[in-house]
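Start from the sequences, fold in the hints, and give me the full structure.
2 protein chains.
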Amino acid sequence: VKAEIVTIGDELLRGEIVDSNKSFLSERLLTLDVETRFHTSVCDDPADMEDALRRAAGRADVVLVSGGLGPTRDDLTTEVLAATFGRKLVQDGPSLEAIRAFFASVGREMAPNNAKQALFPEGAEVLPNPIGTAPGFLLVVGEVPFFSMPGVPRELVRMMDEQVLPRIAARRTGVGVVRARLLRTFGMGESTLDDVLKDIATEDPDVTLGFRTAFPDNYLRPLARAATAAAADAKLDRVCDAIRTRLGALVYGEGDATLELVTGSLLRAQGKTIAVAESCTGGLLAEKITSVAGASDYFLGGVAAYANSAKEALLGVPRELLERHGAVSEPVARAMAEGVRARFGSDLGVSTTGISGPGGGSAEKPVGLVHVALADASGTHADHFVFPLDRSRHRALTAQLALDWVRRRLVGAPLEAPTIMRRRK
Amino acid sequence: VKAEIVTIGDELLRGEIVDSNKSFLSERLLTLDVETRFHTSVCDDPADMEDALRRAAGRADVVLVSGGLGPTRDDLTTEVLAATFGRKLVQDGPSLEAIRAFFASVGREMAPNNAKQALFPEGAEVLPNPIGTAPGFLLVVGEVPFFSMPGVPRELVRMMDEQVLPRIAARRTGVGVVRARLLRTFGMGESTLDDVLKDIATEDPDVTLGFRTAFPDNYLRPLARAATAAAADAKLDRVCDAIRTRLGALVYGEGDATLELVTGSLLRAQGKTIAVAESCTGGLLAEKITSVAGASDYFLGGVAAYANSAKEALLGVPRELLERHGAVSEPVARAMAEGVRARFGSDLGVSTTGISGPGGGSAEKPVGLVHVALADASGTHADHFVFPLDRSRHRALTAQLALDWVRRRLVGAPLEAPTIMRRRK
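Chains A and B, in that order, are what the protein sequence lines are.
Residue numbers for the first sequence follow the numbering used here, so the first one is 1 and each next one is one higher.
Residue numbers for the second sequence follow the numbering used here, so the first one is 1 and each next one is one higher.
One thing to keep in mind: the hints can contain errors.
It does not matter which identical chain is used: a pair holds within one copy or between any two.
Listed below are the simulated DSSO-like cross-link pairs for lysine-lysine, each with C-alpha atoms no more than 30 Å apart in a straight line [what the hints assert, rightly or not]:
id, residue 1, residue 2
1, Lys272, Lys88
2, Lys272, Lys365
3, Lys116, Lys235
4, Lys272, Lys2
5, Lys2, Lys365
6, Lys365, Lys116
7, Lys235, Lys198
8, Lys116, Lys198
9, Lys88, Lys365
10, Lys235, Lys272
11, Lys235, Lys365
12, Lys198, Lys2
13, Lys365, Lys198
14, Lys198, Lys272
FYI, nobody ran anything at the bench for these hints, they're computed from the structure.
Rendered as structure tokens:
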């Protein structure tokens, strides 16, 4: 089954907003095994709209339209859809009442314009919009269903999930469902992952394994097709188990479980606290940890120790170490991790010190060099890497690596150098 | 002049990524007065690609294509463009060398696959890609230029700005040019800005003033059309002067000059140093300041003091203040700013302490409450606000406000409460 998504609005074509509706709709269609073949966007121009709609009717099995359902003169979708496929516009009484009630609920009076939003092409089925004034509708043209939805993302999301997807599923009874999962990994490059997992999910033609880079992470997206959701889930359970067995601690979470969320949950569950000492990451690691609500349960604090004097005064790094080895060195990284742990009285202390660039490098200590250390009751582990990345990505990768060390320590996994990185020998 | 943008890739049609390239390209085209009329996306499928390309050739005056220039079997754009318009593929020696050199620069060997990226349709002009392996190209079909660019956003952005836009401008000599500027403001809501500036840029029909929200900032985008770039620039100078006169210190920068960049430049120019003490922003303010290369010239460091014990031990906040007023209070904000200034020996000390939520609020101290303080040789200024925002936006707005106070102090502007915020009385 092939779908086309048509989004309408001058603001899209002027580039004023990024059109995230299309990716959302495509992803949702895929869960019903409907493949999006075309994304088309046109201005609020009747001729361009009609052309796009006719073309969609000729090449797709299902068409999703978003935008152009508002109350203003620019909003032409309903009118143009009706005209294109030879339907009259008729008013829907219950929709008019619902729009009036919506305005009453927010303490405003309905403007005369809004009555237009209760007009639909003859024969269309109205799709209610409980959180906005623009109802959607389903118009079947020949064999092709056109689902017209508002362009406001939160209204579109709700209408898609509650109204559109069930109707598409119902039209396709017996065809089966597709379910997907997201496994989050850190520490191995995409092509290596592809290679390591190449024999996974090959025996079942209804299971596929997708890859997606979300620097500095890589996501795995297993997708299973089956007659029922339960059967698809069972296939996914099997393939996810196989991936986790193969990758071990490289998989840190599933779905929306970010590394900071997973690590925070581990700290809370184990009743442990953490403090961070940052040089090159400059606050990014602390910011990441505290982006999680409730982080005060386990995060005691951090020091962004940029100046050497701050490393001495706030972290107790001996001046002699700074003078002999320089700020970017293993002895200083160790002293920072141990110092922040002692100053804050935390169970774990983690540190970063490096040269994120673009300036500041030398032959001996190139731009990209970074030392990371993790101190706890068992001692201090330190290592160094060279990441040939721009400043922002260097900082992002370093902070994620340091956080991943914390997670690995908490789950008892080794703090090895992930293959995503070029280790400096 | 009408443009069509064609983006290519299965990942787009599966909804795995949001296609931000289209909005970027449309926005940039608009600066040359080129109106995007169609956005089209298709899978890595030769028939669908050919159909989209032929259609674009028939209805657009300029076509931008992105994606499908990679080294793998799925990357078909060059091949399909050549076949669609009856061109042979020819190898470009300099491009092959450039790709080889690119791999050498990152310490890797070129895979045989990558040689494919040095093939181009006969007659195409190669567009170099200094930060990736996929060069782009310009192929003129009849009267219609097709610009083919890589799909990786940072490579696309650079190629569009450095290679494509100048060529489009050159093809349009004599038609007139459109120039745009971006003025960055912080502290006033979009609708208030619109109201305050409503009489600006009304007398000249060739000047328009656009608004764009980029939370927590608001951008102004004056756009001027004229026969020459110099004439358009002169119009822009006039409108920008008028805006700056009206808004004063609300305008903090122009173009790519972020608040952290502007504030950093002021600190460097005045030979001043800064240190930050963060509670609710948890490292975000330090991270923002240090995201600028060379921040070590003026940033001594920061303390993310989440736990009260950290506020005492690392910032010298008296326990008595914490017990009597609570961590989220003006006396504690003042003590944090003064403490971090003293500990780091910096010229300025700035602090944040608040309740970013979603939990932690009370009747007296609601979620959203935040205290900010700025200490320098002249004394300490403190104020408090309630921002009814989610955790992430609460932190972002607080960090930006604190940084803007630093900038205002350095330029001698008052530290008033911007109207974007609901002040708590």
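Now the hints, each set against the structure:
no.: 1; hint: Lys272 <-> Lys88; result: neither (62 Å within a copy, 65 Å between copies)
no.: 2; hint: Lys272 <-> Lys365; result: between (35 Å within a copy, 28 Å between copies)
no.: 3; hint: Lys116 <-> Lys235; result: neither (47 Å within a copy, 38 Å between copies)
no.: 4; hint: Lys272 <-> Lys2; result: neither (51 Å within a copy, 61 Å between copies)
no.: 5; hint: Lys2 <-> Lys365; result: neither (55 Å within a copy, 52 Å between copies)
no.: 6; hint: Lys365 <-> Lys116; result: neither (63 Å within a copy, 36 Å between copies)
no.: 7; hint: Lys235 <-> Lys198; result: within (17 Å within a copy, 60 Å between copies)
no.: 8; hint: Lys116 <-> Lys198; result: between (54 Å within a copy, 24 Å between copies)
no.: 9; hint: Lys88 <-> Lys365; result: neither (71 Å within a copy, 49 Å between copies)
no.: 10; hint: Lys235 <-> Lys272; result: neither (37 Å within a copy, 61 Å between copies)
no.: 11; hint: Lys235 <-> Lys365; result: neither (49 Å within a copy, 49 Å between copies)
no.: 12; hint: Lys198 <-> Lys2; result: within (28 Å within a copy, 45 Å between copies)
no.: 13; hint: Lys365 <-> Lys198; result: neither (38 Å within a copy, 55 Å between copies)
no.: 14; hint: Lys198 <-> Lys272; result: neither (38 Å within a copy, 56 Å between copies)
Violated hints for the displayed structure, listed by number in ascending order: 1, 3, 4, 5, 6, 9, 10, 11, 13 and 14.
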